[in-house]
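Student: One line per chain: the protein sequences are X and P, in this order.
Taken in order, the first sequence gives residues 1 to 290; the numbers are from our numbering.
Taken in order, the second sequence gives residues 1 to 322; the numbers are from our numbering.
The hints are simulated quantities; they were obtained by calculation from the structure and are not laboratory data.
Where hints are given, some of them may not hold.
Label pairs and their in silico Cβ distance ranges [claimed, not checked]:
| id | chain 1 | residue 1 | chain 2 | residue 2 | range |
| --- | --- | --- | --- | --- | --- |
| 1 | P | Ala170 | X | Glu285 | 55 to 63 Å |
| 2 | P | Gly212 | X | Leu188 | 43 to 51 Å |
| 3 | P | Arg207 | X | Met211 | 47 to 55 Å |
| 4 | X | Val78 | P | Ser139 | 42 to 50 Å |
For clarity, every value in this text was computed on a predicted model and none was experimentally measured.
Glycine included, C-beta positions come from ideal geometry on N, C-alpha and C.
Take a look at the letters that make up each chain.
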Amino acid sequence: MTTLILFNIFNGLIVGAFYALMALGLSLILNLSGVINFAHGGFLALGGYFAYELMRHGFDYWSALLIAPTLVAVLGLVVERLLIRRIYGRDPLYGLLLTFGLAFVLQDATRYFWTAQSVPYQIPGVLASPLSTQFFFLTGYRLFMIAIVAIAVIGLFLILNRTRLGMRIRAGTLDLDTVSALGVNVRLLRNVNFALGIFLAGLAGVLAAGMLGLQPTIGDSLIMPSFVAIIVGGLGSLPGTLLGGLLIGVASGITTVVFPSATEAVMYVMMGLVLLLRPRGLLGEEGRLQ
Amino acid sequence: MTGTSMSSERNKQVWNVIVWLLLLTMPYWMPLTGGYTALASRVVVLALAAMALNFLLGFTGILSFGHAAYFGLGAYGVGMTIKYLVPSTGLGIIVGILIGTLAAALIGALIVKLRGVYFAMVTIAFGQVFYFIAFRWNSVTGGDDGLSGWRRVPLDLGFTQIDILGNDKAFYYLVLFCFALSCAAMAFILKSPFGRTLLAIRENERRARFLGIPVERHIWISFVISCFFVSLAGALYALLNNFTDPRALRWDQSGNFVIMAVLGGMRSFWGPLIGAIIFVVLQDYVSTQTEYWMSIIGIFFMAVVLFFPRGVLGMLKRKRAA
Numbered sequence: 001m002t003t004l005i006l007f008n009i010f011n012g013l014i015v016g017a018f019y020a021l022m023a024l025g026l027s028l029i030l031n032l033s034g035v036i037n038f039a040h041g042g043f044l045a046l047g048g049y050f051a052y053e054l055m056r057h058g059f060d061y062w063s064a065l066l067i068a069p070t071l072v073a074v075l076g077l078v079v080e081r082l083l084i085r086r087i088y089g090r091d092p093l094y095g096l097l098l099t100f101g102l103a104f105v106l107q108d109a110t111r112y113f114w115t116a117q118s119v120p121y122q123i124p125g126v127l128a129s130p131l132s133t134q135f136f137f138l139t140g141y142r143l144f145m146i147a148i149v150a151i152a153v154i155g156l157f158l159i160l161n162r163t164r165l166g167m168r169i170r171a172g173t174l175d176l177d178t179v180s181a182l183g184v185n186v187r188l189l190r191n192v193n194f195a196l197g198i199f200l201a202g203l204a205g206v207l208a209a210g211m212l213g214l215q216p217t218i219g220d221s222l223i224m225p226s227f228v229a230i231i232v233g234g235l236g237s238l239p240g241t242l243l244g245g246l247l248i249g250v251a252s253g254i255t256t257v258v259f260p261s262a263t264e265a266v267m268y269v270m271m272g273l274v275l276l277l278r279p280r281g282l283l284g285e286e287g288r289l290q
Numbered sequence: 001m002t003g004t005s006m007s008s009e010r011n012k013q014v015w016n017v018i019v020w021l022l023l024l025t026m027p028y029w030m031p032l033t034g035g036y037t038a039l040a041s042r043v044v045v046l047a048l049a050a051m052a053l054n055f056l057l058g059f060t061g062i063l064s065f066g067h068a069a070y071f072g073l074g075a076y077g078v079g080m081t082i083k084y085l086v087p088s089t090g091l092g093i094i095v096g097i098l099i100g101t102l103a104a105a106l107i108g109a110l111i112v113k114l115r116g117v118y119f120a121m122v123t124i125a126f127g128q129v130f131y132f133i134a135f136r137w138n139s140v141t142g143g144d145d146g147l148s149g150w151r152r153v154p155l156d157l158g159f160t161q162i163d164i165l166g167n168d169k170a171f172y173y174l175v176l177f178c179f180a181l182s183c184a185a186m187a188f189i190l191k192s193p194f195g196r197t198l199l200a201i202r203e204n205e206r207r208a209r210f211l212g213i214p215v216e217r218h219i220w221i222s223f224v225i226s227c228f229f230v231s232l233a234g235a236l237y238a239l240l241n242n243f244t245d246p247r248a249l250r251w252d253q254s255g256n257f258v259i260m261a262v263l264g265g266m267r268s269f270w271g272p273l274i275g276a277i278i279f280v281v282l283q284d285y286v287s288t289q290t291e292y293w294m295s296i297i298g299i300f301f302m303a304v305v306l307f308f309p310r311g312v313l314g315m316l317k318r319k320r321a322a
């Protein structure tokens with residue numbers, strides 16, 4: 001029984017790490033540009049498929065892990081430049097509809113190139129075997145995923161807190177007009193910031209494909225929980241988003257043991273409670289709601 | 001009253017007459033354009049949903065991206081009533097509306113303090129709760145396969161029966177009757193002092209607050225009214241198909257309602273109707289033409305946002321003003 005509970009908590013932690021990785025990217029874009037990126041799940045799927053293609057063409061897993069998200073991020077640069085940029089400063093409605101349409105296009109595109117069936121996706125043998133017979137769930141791949149997510153998150157916070165780019169992103173989140181007045185190229189800043197968010201989605205895709213199987217709809221089951229993670233954690237707070245993602249992941253994991261059919265519902269209950277008791281979210285700043 | 005506003009008032013009346021004439025005769029001219037009666041019913045049902053959404057979006061200035069939830073609750077309400085409780089179409093519709101409206105009242109109370117993009121995001125997320133309930137609660141809702149094994153029941157008016165099951169046109173006129181009642185009710189509310197207050201909140205929330213208007217309560221009531229009509233639309237939609245499935249309450253359905261309102265023109269009363277006609281006919285057409293119809297719809301979404309953000313009626317109005 002203890003093993004079962006531990007297994008599910010651990011599983012929840014992994015799923016939560018995915019939610020967090022995706023939600024951090026969404027949050028970055030939302031905070032600086034005010035756009036909810038519905039197409040995030042589509043970029044996630046592309047990350048998985050790019051890695052799949054790279055490995056088919058002779059790259060090993062480790063380089064695919066880095067190259068695929070980078071390629072997706074480059075695509076993000078282009079998409080932002082051609083589409084997303086046009087709806088900045090307009091009613092949030094238009095951003096939602098635009099990325100909503102983009103999500104459809106991305107999903108159909110992956111279906112067109114790689115069919116709707118899931119493709120065989122190999123992870124290195126080193127990572128696939130369990131590390132201990134008693135805790136069978138501790139496969140190398142699962143630990144590896146957590147490690148990669150941790151590295152990505154730490155890297156993101158280092159960029160945000162220690163680099164000039166990160167400083168500008170954080171400042172722009174608070175007051176974009178002032179940042180612009182101080183001579184920062186805000187268009188470029190938003191462009192790079194969007195790509196940074198998309199990079200995280202692509203990375204989540206490469207990792208998730210090894211666990212969930214790779215098919216065009218792989219992002220669908222991850223995008224809604226990411227919204228919930230942002231709301232629970234608090235709008236405008238990246239540490240909050242991280243916390244929210246892990247919390248709802250673990251909560252779903254535990255619920256799987258107790259009441260399996262409520263696995264998905266529990267995170268929405270948490271969201272309802274947070275909105276009732278603390279509408280700005282766990283770590284959200286006051287005054288962000290309007 | 002000045003001359004121009006009098007002529008615009010008369011213009012409005014002329015348009016109203018044209019709209020209703022077209023709607024009343026739709027089952028007769030739809031086949032000429034390659035459509036069929038059930039498609040006409042679908043247009044009117046989804047137009048009702050889009051107009052209900054627009055009550056909130058266009059006339060209160062609040063963006064909900066989760067209206068499919070209440071649409072779907074109406075659909076499951078009527079389906080489950082007929083399947084498990086009483087074989088009565090009328091009662092089923094009432095139960096569907098009650099369930100949808102009640103859920104909206106509860107969730108609305110939770111989210112009414114939020115604004116803008118945050119409000120939209122929370123409505124999307126909450127919509128998913130009902131999707132998962134319908135998806136997971138297999139034994140009652142039929143899960144992913146949907147709720148089948150029931151049919152709409154002929155209306156019994158006491159002195160006569162209306163065969164809405166066998167007669168497509170009879171069902172169309174039932175739908176149109178509900179649509180007309182809803183339009184009248186929404187137009188009446190919008191003309192009332194309450195409706196004017198909603199417009200004031202849309203135009204300048206802060207000023208409305210300074211005038212002592214309880215803004216949150218108004219938005220909550222507007223949300224509930226909007227969901228009332230969207231549940232009715234959902235109930236009618238399930239009756240139209242004699243079936244409903246979890247996709248009726250998923251977020252892409254919510255997106256469809258929003259695009260219909262925007263496409264037609266969300267500042268106009270009849271805008272969502274025009275949007276629904278264009279969208280439903282387009283979707284019906286492309287889904288028979290190619291397997292990749294989703295991407296065509298997606299491109300259509302993006303084109304509307306980039307090139308027609310004011311919608312058809314919004315553009316016409318602007319042209320006339322220029």
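Student: 43 to 51 Å was suggested as the range; check whether the CB atoms of P:Gly212 and X:Leu188 agree with it.
Tutor: For P:Gly212 and X:Leu188 the Cβ distance comes to about 46 Å; the hint holds.
Student: Range hint 47 to 55 Å: satisfied by the CB atoms of P:Arg207 and X:Met211?
Tutor: 52 Å, holds
Student: Please check whether P:Ala170 and X:Glu285 have a Cβ separation lying inside 55 to 63 Å.
Tutor: 57 Å, holds
Student: Could you say whether the range 42 to 50 Å given as a hint is met by the Cβ separation of X:Val78 and P:Ser139?
Tutor: With a Cβ separation near 48 Å, X:Val78 and P:Ser139 satisfy 42 to 50 Å, so the hint holds.
Of the numbered hints stated above, none is contradicted by the structure.
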